[in-house]
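Q: Dock chain to chain to rebuild the complex, using the hints, since each chain is given by itself in its own frame.
Protein chains in written order, with my numbering: chain A, 307 to 407; chain B, 94 to 239.
Honestly, the hints are just simulated from the structure, not real lab data.
Possibly wrong hints are sitting among the right ones.
Claimed, not checked - Away from chain A, derived, C-beta distances all over 10 Å, residues of chain B: (1) M94; (2) Y95; (3) C112; (4) G114; (5) L167; (6) S233; (7) N238.
What the hints assert, rightly or not - Calculated cross-link-like contacts (lysine-lysine; reagent style DSSO-like; alpha-carbon spacing at most 30 Å): (8) K227(B) x K396(A); (9) K160(B) x K346(A); (10) K392(A) x K327(A); (11) K393(A) x K340(A); (12) K405(A) x K346(A); (13) K405(A) x K160(B); (14) K340(A) x K387(A); (15) K387(A) x K327(A); (16) K327(A) x K140(B); (17) K140(B) x K396(A); (18) K393(A) x K160(B); (19) K340(A) x K160(B); (20) K140(B) x K340(A); (21) K387(A) x K160(B); (22) K405(A) x K227(B); (23) K392(A) x K160(B); (24) K327(A) x K396(A); (25) K140(B) x K405(A); (26) K140(B) x K392(A).
Virtual Cβ for every residue (Gly too), placed ideally from N, Cα, C.
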Amino acid sequence: METKELDVDSVADSHHNDHSKSFDITIIYNGLSKPLTVAKSDLISDVLSRAIAIFGSPPNPHTLALFTEERGELQDGQTVKESGIKKHEKVLLRPSTVKAG
Amino acid sequence: MYRIPRRMIDQTFATFRSCGGNQHECQLYWLSPWDNPMILTEVAHPKHCSSRYGLSIESNWIDQFWKDLADRGLGVRIQVHTHPGEAFHSLTDDTYPLLFDIGFLSLVIPDFAMGPVGLRNVYLTEIQPDGSWKQVDINSRFIINE
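Bound conformation, chain B alone (with noise of 0.2 Å):
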């Protein structure tokens, strides 16, 4: 179970707001160090270019990325985006991820993220073994720490 603090969730749905402005949709990443992989304690924002309807992340920047979180001792768990209405996983959700690793979380927002603080009516999923991935409880996954 992940432990993550109440400020990464307004700092999650801030971001949404200040990036997407209710008309693009937007990606964070969690992240947690490898030496206490459920203790989540940052938030990534990577660049990207986006729409209303899809969103594509840097090539450059990931390399970056990639090589700050070593540096850091740092590992993505769970990758958060918006959608411009219903919270759910597209195809491109599906095929297009940050990681393919087995128990990597997606967790995607509705509304442009306009909507409540909070995970409510946030939609979940996991990359099970065989590579596909199953919605999973997202009371199962968080606790969130006040």
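Just chain A, with the same shape it has in the complex (with noise of 0.2 Å):
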């Protein structure tokens, strides 16, 4: 029976690549822009929380999300790359909700 040993090299390389594709992105809250650099495997959460940090962390950080003009919301559980971030792209860091009464 012919068996086939798996490549880890190939799955290191891989997973390093991923890792290796690293861009810039743009991240706006109330008016200010600032870098951030991610990557394709990235989690849209951790980015949430890169990007949250880059501005002070606010309390209530929980009601903060990332939004883009074509996509909407971003969804955490997605990786950069799933969620279709390009480089230099504008991404912005804003409440999902906004109400009052």
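A: Written as structure tokens, this is what we have:
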């Protein structure tokens, strides 16, 4: 019976390539723009945490989410690649819901 | 201390009255340049759905607004909205503001802004470092430039 060995180097390279495919995006929050380096394999939840941090970690950060004009609110469980974020894209850090009453 | 021109207060009341029509709540934002944040310069009127007892800002409008602020070097400093009667901060007001930054101010105007134009009988509250809201004296935060 023929068996194939798992090509550990190949898997490692693939993982490394995803991480090495880093690029800058611009996070916009209340009129301020700041660059953030992301990798295609980064989860949106991680990008969101870092985006919040570069704007000083305001209280109640759970109210904030990442949006793009084309795709709306980006989903926490997706990766940067799956979310379709492109190099130099402007990503909006903003509340999901704004209401008064 | 923010400096606000009288014309912005006049514009705020005029917009509340024309948009709300003494029937619906309305919300506005007071803006200033990032290179001179204490000098308020503009009023922004968001697209929203509203009733007598509440309002919700359109998500697509916020997207465009966020980009416009960045393009023009402006930031939101105060959100302002009307109530049908007494001015206070409701649980909804506490929970869903445009910003949760420390020092962000929320101003509530009573009676759908149909009363005297000015900052008397209003309710002003500010976000604290722990994320809670605390009522503050209007005279401690604003100087009106005639």
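Q: Confirm or reject the statement that G114(B) sits farther than 10 Å, beta carbon to beta carbon, from all of chain A.
A: 17 Å, holds
Q: Regarding the pair K140(B) and K392(A), is the alpha-carbon distance no greater than 30 Å?
A: 29 Å, holds
Q: Check the non-interface label on Y95(B): least C-beta distance to chain A beyond 10 Å or not.
A: Given that every Cβ of chain A is farther than 10 Å from that of Y95(B), nearest at about 16 Å, it holds.
Q: Against the 30 Å threshold, does the CA-CA distance of K340(A) and K387(A) hold or violate the hint?
A: Satisfied, since the Cα-Cα distance of roughly 20 Å is no more than 30 Å.
Q: Please verify whether K392(A) and K160(B) have alpha carbons no more than 30 Å apart.
A: 17 Å, holds
Q: With the threshold set at 30 Å, check whether the alpha-carbon distance from K327(A) to K396(A) stays at or below it.
A: 18 Å, holds
Q: Taking 30 Å as the top limit, are the C-alpha atoms of K405(A) and K227(B) close enough?
A: 19 Å, holds
Q: Please verify whether K405(A) and K346(A) have alpha carbons no more than 30 Å apart.
A: 34 Å, violated
Q: Given the hinted pair K387(A) and K327(A), is their alpha-carbon gap at most 30 Å?
A: Distance of about 10 Å is within 30 Å: holds.
Q: Over 10 Å to the closest beta carbon of chain A is the bar; see if S233(B) clears it.
A: Given a closest Cβ separation of 21 Å, the condition holds.
Q: For C112(B), is the shortest CB-to-CB distance to chain A above 10 Å, so the non-interface label stands?
A: 13 Å, holds
Q: Sort out whether K340(A) lies within 30 Å of K393(A), counting only the CA atoms.
A: Since the Cα atoms of K393(A) and K340(A) sit roughly 14 Å apart, the hinted pair holds (cutoff 30 Å).
Violated hints for the displayed structure, listed by number in ascending order: 5, 8, 12 and 16.
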